[in-house]
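Sequence lines, in order, name chains U and Z. Using our numbering, the first residue of the first sequence is number 1, and each one after it goes up by one. Using our numbering, the first residue of the second sequence is number 1001, and each one after it goes up by one.
Warning: the hint list may mix true and false statements.
In silico DSSO-like cross-links for lysine-lysine, where the CA-CA straight-line distance does not exceed 30 Å [unchecked claim]: (1) Lys1142/Z to Lys1064/Z; (2) Lys31/U to Lys4/U; (3) Lys1076/Z to Lys6/U; (4) Lys1116/Z to Lys6/U; (5) Lys31/U to Lys20/U; (6) Lys1116/Z to Lys1142/Z; (7) Lys1076/Z to Lys1064/Z; (8) Lys20/U to Lys4/U; (9) Lys4/U to Lys1064/Z; (10) Lys31/U to Lys6/U; (11) Lys1291/Z to Lys20/U; (12) Lys1116/Z to Lys1156/Z.
Output of the computed footprint for chain U on chain Z, the stretches with three or more beta carbons under 8 Å from beta carbons of chain U [unchecked claim]: (13) 1078-1091; (14) 1181-1190; (15) 1195-1207; (16) 1214-1221; (17) 1229-1241.
Because the hints were derived from the structure by calculation, they are not lab data. Owing to the predicted nature of the structure, the values given are computational and were not obtained by experimental measurement. Cβ coordinates follow ideal geometry from the N, Cα and C atoms, glycine included.
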Amino acid sequence: MTSKIKDFESALTELETTVKTLEAGDLALDKSLALFERGVELSRFCHQRLEEAERRIEVLTERGELRDAPDSLQAAGDRDEP
Amino acid sequence: MPNLFDLPFDDDDPDSKTPHEPRPAPQPPDRRIFTVSELTASVRELLESTYGDVWIDGELSNFKRWRTGHLYFTLKDAGAQLKGVMFRSAARSLRFTPEDGLRVIARGRLGVYEPKGEYQIVCEQLEPHGVGARQLAFEQLKRRLEAEGLFEPSRKRALPALPRKIGIVTSLDGAALRDIVNVLRRRYPNAHLLIRPSQVQGEGAANDIARAVTQVTAAPGVDVVIVGRGGGSIEDLWAFNEEVVARAIATSAVPVISAVGHETDFTIADFVADLRAPTPSAAAELVVTRKDEYRQRIDRLHERLTAAARIGIRGWQTRVRVLEQRPGLAGWPVRLALRGRRAAELSHALADRVRALIGAGERRYHQLRLRLESRDLRRTLATIAARLTVSEGGLTAVMAGRSHARRESLGVLAGRLETLSPLAVLGRGYAICWNADRTTIVSKADAVAPGEAVRITLHRGELSCTVTTATAPPPPKP
């Protein structure tokens, strides 16, 4: 049951199928418990992927070098939004 | 040379036929004779100085672009024609593609080509009449790229479900970048942004944008790119209508969102991009709205999952409770208690029974042992001895008979052995030659020397002899 999760999109698709199967009912108790566990695992994975990107702003120069963005930009979005 | 203006050439075109205005030949004040070259040079000087910078409205015909890059054409209207040329240096800045039948405004100077006596307009600028040159260029490029299929909906790629790194091409100082960063930071605080600053208006902007797009779409990890700038005049936005920008977007490896100007301005970049956003902020929202959507979708799925599991488990609980209430099951505890008591009783009975069985076994063993000891063993032995004696007599007789038979067959075998003996051969006249002391059989002539004694065994008796000659056989061939 606990096979590896490939990526965000496939995890989401599998989560949907799992929920539908579970909602359809008519399952043995251990089968439905296993599905539930898998579903929890999938939704946790999706949430993690949503939050895991790194907060960073970089500037790419014409020569292909990476620099940090000016402070004015780094600070943007932090203050003026409610 | 103002005197030339007095010539009929000036206000009365010698080529045009105007029969309704006949005029008497004027009398020249003095008779000056020009050579052709002199006159042409004068005309040239006159035309070039007078029409050094003119604007002409006319229709293009016989348009040709030479391999050198120079353009040749004729401007005409209902009544006249004028040859024109536009040299490569000027033609490079053309913002549209000239074609026959197009009404244009040309700006340039008149030039005279003396060897042929022709004059023409040397164009510095050429613009379509009516619509602006830019508008026409826009329409032409749009038509061309559309024909190439670059605007096909099938070419549009879906945005990544979750952008890992968002590329941005815009001016570092512009409001556009600030807007994008603000929106992303608000709605997707952990976004990773890669900005490739670019000039977005003025000379060289198009090339810079194109390079930036190519560079950032190829940067590792970038899976979506926003390219754009804030609103402005059509002039300001023009770089986004250039072919080089369109090409860079079209060949991008990752989806590109165009975000140029405001709602109503559509640029070529908008048509080529995978997605068009009316403003830079909108582009940022298009990228991260998806994250919000996903989060909600996952949360909803999680709720449904939990609910479904709860309902499922509750169903099983109910079934168990119902079964518990059934009379069959309800009686079980009492029945079990009864059975338990019965089991204990049986267990005791079993132990008693086993003990009884063991006692009986012991008694039987003692009885048997007593009976065994009471038997007279000596009588039994005598009987056995008598039987042994009888058996022994029989055995001797049998053995004697067998012995006789063996002896007879031995005689037969000896006779047969005799016929095989080498001594029997002597009876047929063969003899055996021995050395003197009869220890070795002489089988080779050179084993004895002349004068040596040998003994010969015959069938009956023996001879003692002396060797007179010993002749060895010739040596065997190798």
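Consistency of the hints with the structure:
Between Lys1142/Z and Lys1064/Z the alpha-carbon distance is near 23 Å, which keeps this suggested pair within the 30 Å criterion. At roughly 18 Å between alpha-carbon atoms, Lys31/U and Lys4/U fall within 30 Å of each other, so this suggested pair holds. Proximity of Lys1076/Z to Lys6/U is assessed by CA-CA distance (about 70 Å); at most 30 Å being required, the pair is judged violated. Restraint check: the Cα-Cα separation between Lys1116/Z and Lys6/U comes to about 79 Å, which exceeds 30 Å; the hinted pair is violated.
At most 30 Å may separate the alpha-carbon atoms for a hinted pair to count; Lys31/U and Lys20/U meet this at roughly 14 Å. A C-alpha spacing of about 42 Å is found between Lys1116/Z and Lys1142/Z, which places the hinted pair above 30 Å, so the restraint is violated. Straight-line distance between C-alpha atoms of Lys1076/Z and Lys1064/Z comes to about 15 Å, which keeps the hinted pair within the 30 Å bound. For a cut-off of 30 Å, the pair hint linking Lys20/U to Lys4/U stands: about 20 Å separates their Cα positions.
For the hint linking Lys4/U to Lys1064/Z, the alpha-carbon distance of about 66 Å lies beyond 30 Å, and the restraint is violated. For the given pair, Lys31/U sits about 22 Å from Lys6/U by alpha-carbon distance, which is consistent with the 30 Å threshold. Using a Cα cut-off of 30 Å, the hinted pair Lys1291/Z and Lys20/U holds, with the two alpha carbons roughly 23 Å apart. Of the pairs offered as hints, the one joining Lys1116/Z and Lys1156/Z is violated, with about 57 Å between alpha carbons and a cut-off of 30 Å exceeded.
Here's how the region 1078-1091 of chain Z fares: 0 of its residues keep a CB closer than 8 Å to some CB of chain U, so the rule of at least three is not met and the hint is violated. Evaluation of the coverage hint for the region 1181-1190 of chain Z: fulfilled, as 9 residues show C-beta separations to chain U shorter than 8 Å, against a requirement of three. Residues of the region 1195-1207 of chain Z with a Cβ under 8 Å from some Cβ of chain U number 3, which satisfies the need for three, so the listed coverage holds. Restraint check on the region 1214-1221 of chain Z versus chain U: 3 residues with Cβ-Cβ distances below 8 Å, three needed, restraint holds.
Here the region 1229-1241 of chain Z counts 0 residues with a CB under 8 Å from a CB of chain U, which misses the bar of 3, and the coverage is violated.
Hints 3, 4, 6, 9, 12, 13, 17 from the list above are not met by this structure, while the remaining hints are.
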